[in-house]
Amino acid sequence: MKLLVVEDERSLSRSICDYLRMEGHICEEAANYRDAVIRTADNRYDGVILDMGLSDGSGLNVIREMKENKSTDRILILSARSSLEDKLVGLKTGADDYLTKPFHMAELSARLNSIYRRDNFMGFNEMIFNEIKVRIEENQAYVNDQLLNLTRKEYDLLVFFMVNRDRIVTKESIVEHLWGDNVVLTDSFDFVYTHVKNLRKKLIAKNCRNYIKVIYGFGYKFSDS
Amino acid sequence: MVAGFVFYYSIRTIVYRQIDNSLIMEKTIIQDQIEETDSIPDFSASFGHQIEVRILDSPTSYSQIIRDTSIYDARTRNFLQSRYIKFKSNTKKNTGYVISIYHGLKENQELLDSIALGMIFIFLALLLVSIIVNYFISKKLWHPFYNALNEANSFNILSDKPLKLSDTGINEFRQLNKVFEQMTTKMRMDYLNLKEFNENSSHEIQTPLSVIRSKLDILMQNQRLNKKSMDLIKSVNEAATRILKLNQGLLLISKIENLQFPETREISLKDLIENYLKNYEEILQLRKIRIETEFSDKAIIRINEILADVLISNLLGNAFRYNIDGGFIICSLSNQVLTITNSGLPLEVDPELLFNRFRKGADHPEAVGLGLSIVKKIVDYYKMKISYTCKGTVHEIKLNYRGEAIL
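Sequence lines, in order, name chains V and X. The first sequence begins at 1 in my numbering and counts up one residue at a time. The second sequence begins at 1 in my numbering and counts up one residue at a time.
Bear in mind the hints are in silico, worked out from the structure with no lab data behind them. Please note that a few of the clues may not be correct.
Restricting the straight-line Cα-Cα distance to at most 25 angstroms, the calculated cross-link-like pairs of lysine-lysine (DSS-like) are [as the list claims (entries may be wrong)]:
| no. | chain 1 | residue 1 | chain 2 | residue 2 |
| --- | --- | --- | --- | --- |
| 1 | V | K87 | X | K195 |
| 2 | X | K234 | V | K197 |
| 3 | X | K288 | X | K391 |
| 4 | X | K278 | V | K202 |
| 5 | X | K278 | V | K197 |
| 6 | V | K201 | X | K288 |
All values derive from a computational prediction rather than experimental measurement.
Sequences are here, hints too, so could you generate the full structure?
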């Protein structure tokens with residue numbers, strides 16, 4: 001994917017780009033409103049990651065400018081404000097998704113993927129990892145073309161793992177991904193363990209190799225190495 | 001009143017003195033007559049006074065008594081209130097005689113009574129008039145005061161309107177209002193500044209936290225790290241997560257305080273609870289926590305969606321986070337009250353104290369200590385009522401959810 005990160009906090013935009021490049025994306029940076037408007041006018045991106053609180057003009061104006069230029073680039077807003085109002089205004093103006101700071105990189109990755117798949121319906125509605133295949137529009141997963149009987153959360157977990165393959169995903173990021181970033185319950189890690197255990201059991205039952213590795217103290221890594 | 005009595009008695013005294021004077025005068029006339037003519041005068045024309053003169057056989061000592069008495073009147077068969085004088089003396093021939101003169105008090109009493117009555121009437125009328133006049137005067141006079149009092153009473157530091165008092169024509173009140181207004185303006189400014197500071201600092205913390213988190217995410221992907229470095233990253237990550245949760249909690253509280261959740265919807269607490277329990281089904285099974293629900297009402301209330309979610313997830317979240325493995329949660333919903341009863345460890349602090357910020361049970365150092373204070377804020381915001389009791393290992397939260405929404 002070719003991505004643009006619009007973020008005035010240099011250090012944050014650098015690490016977002018580093019992470020996304022590690023995943024094999026092409027990533028450009030824009031540090032202010034002007035830069036963002038020029039870049040989006042001249043180039044096509046698969047996704048624009050846009051900070052709402054730019055110092056030299058609201059991120060909202062970037063979206064407006066892009067819509068005026070008939071840009072079809074997908075937009076994901078980042079905001080330090082988690083209020084519903086900001087979210088609604090952003091989505092109404094034309095953003096595709098919304099993420100509240102601070103976020104997990106794995107979550108950002110998952111969101112970008114889901115936005116991208118929405119766009120590229122043909123040929124991209126399947127995610128394949130060796131013998132595992134996920135049909136996105138069916139919400140179903142297969143191992144060697146055999147249907148896996150997963151619960152909703154197990155399915156979400158599998159997709160999350162596959163999007164973040166070869167990366168360590170922390171238990172916290174899994175909790176936030178599966179149950180929302182509720183203020184209260186984020187320290188109930190036990191049941192991440194249960195879900196992972198069940199998912200692994202179901203995969204292995206269909207003769208799938210064990211790709212889910214425990215990284216002690218952190219979380220998991222979905223990888224075939 | 002006192003003046004009335006004083007007046008009454010002074011009139012009475014004057015009347016009595018007059019009567020006494022006239023008694024003495026009559027007596028003197030009779031005495032003169034007796035002493036001059038040595039005979040008992042004729043008292044047929046005694047103007048209703050009874051005069052009695054007795055010649056005594058022997059000389060007597062001189063004495064004069066004036067006092068109240070009552071005499072029997074044969075005509076009206078009544079005892080009449082009278083004033084009488086009894087005078088004893090000797091004539092020149094040294095014969096004793098007694099003069100008794102009775103003076104009926106009836107007319108005087110009537111006079112006194114009517115004076116008293118008149119007085120009472122005048123007094124009452126005066127009282128009434130003065131009360132009415134006073135009432136209207138003070139109403140007019142204190143009107144600006146009560147106005148200001150009402151305004152000040154309904155003044156809310158959270159509202160966006162400063163205190164504005166209507167102008168009065170009275171200098172003292174104008175000064176008072178001015179002081180009032182200045183004071184509240186200052187209060188409001190301080191409050192707004194503080195609020196803004198809290199909000200901004202919380203928001204500003206979010207960005208560096210994002211940086212920390214993103215760097216950690218990248219750092220932990222490094223495959224050349226040894227166990228020691230991984231442990232360090234892990235601790236840093238945990239600490240960062242804690243700050244984050246704390247900050248989010250504080251932000252939420254300040255948002256509730258700033259009334260930033262005006263939009264409301266009809267929401268069924270029953271549906272909300274059922275959804276929540278469904279979402280956490282697995283963890284409840286994992287910990288072998290038994291759930292009992294008893295919903296006799298759908299419990300539909302007008303509430304902000306986010307706040308409703310936070311409210312229920314905090315309450316139920318506590319009920320199973322602080323539960324024991326193999327414990328229970330009983331959740332019952334009547335048309336007034338939501339009761340959540342759960343097993344857990346006994347509490348060492350007063351459960352009501354846990355509604356305060358940063359208060360947490362001693363057994364849970366990892367908790368942020370904001371959950372119940374957020375609950376309390378929401379409960380207060382919607383004017384609901386909540387209580388938390390703990391008997392041994394049984395914890396019970398009662399939420400009277402029929403509050404009224406402000407705004």
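Here is what the structure says about each hint:
no., hint, result
1, V:K87 to X:K195, "holds (22 angstroms)"
2, X:K234 to V:K197, "holds (22 angstroms)"
3, X:K288 to X:K391, "holds (22 angstroms)"
4, X:K278 to V:K202, "holds (21 angstroms)"
5, X:K278 to V:K197, "holds (19 angstroms)"
6, V:K201 to X:K288, "holds (21 angstroms)"
Figure legend: structure checked against the earlier numbered hints; every hint is met.
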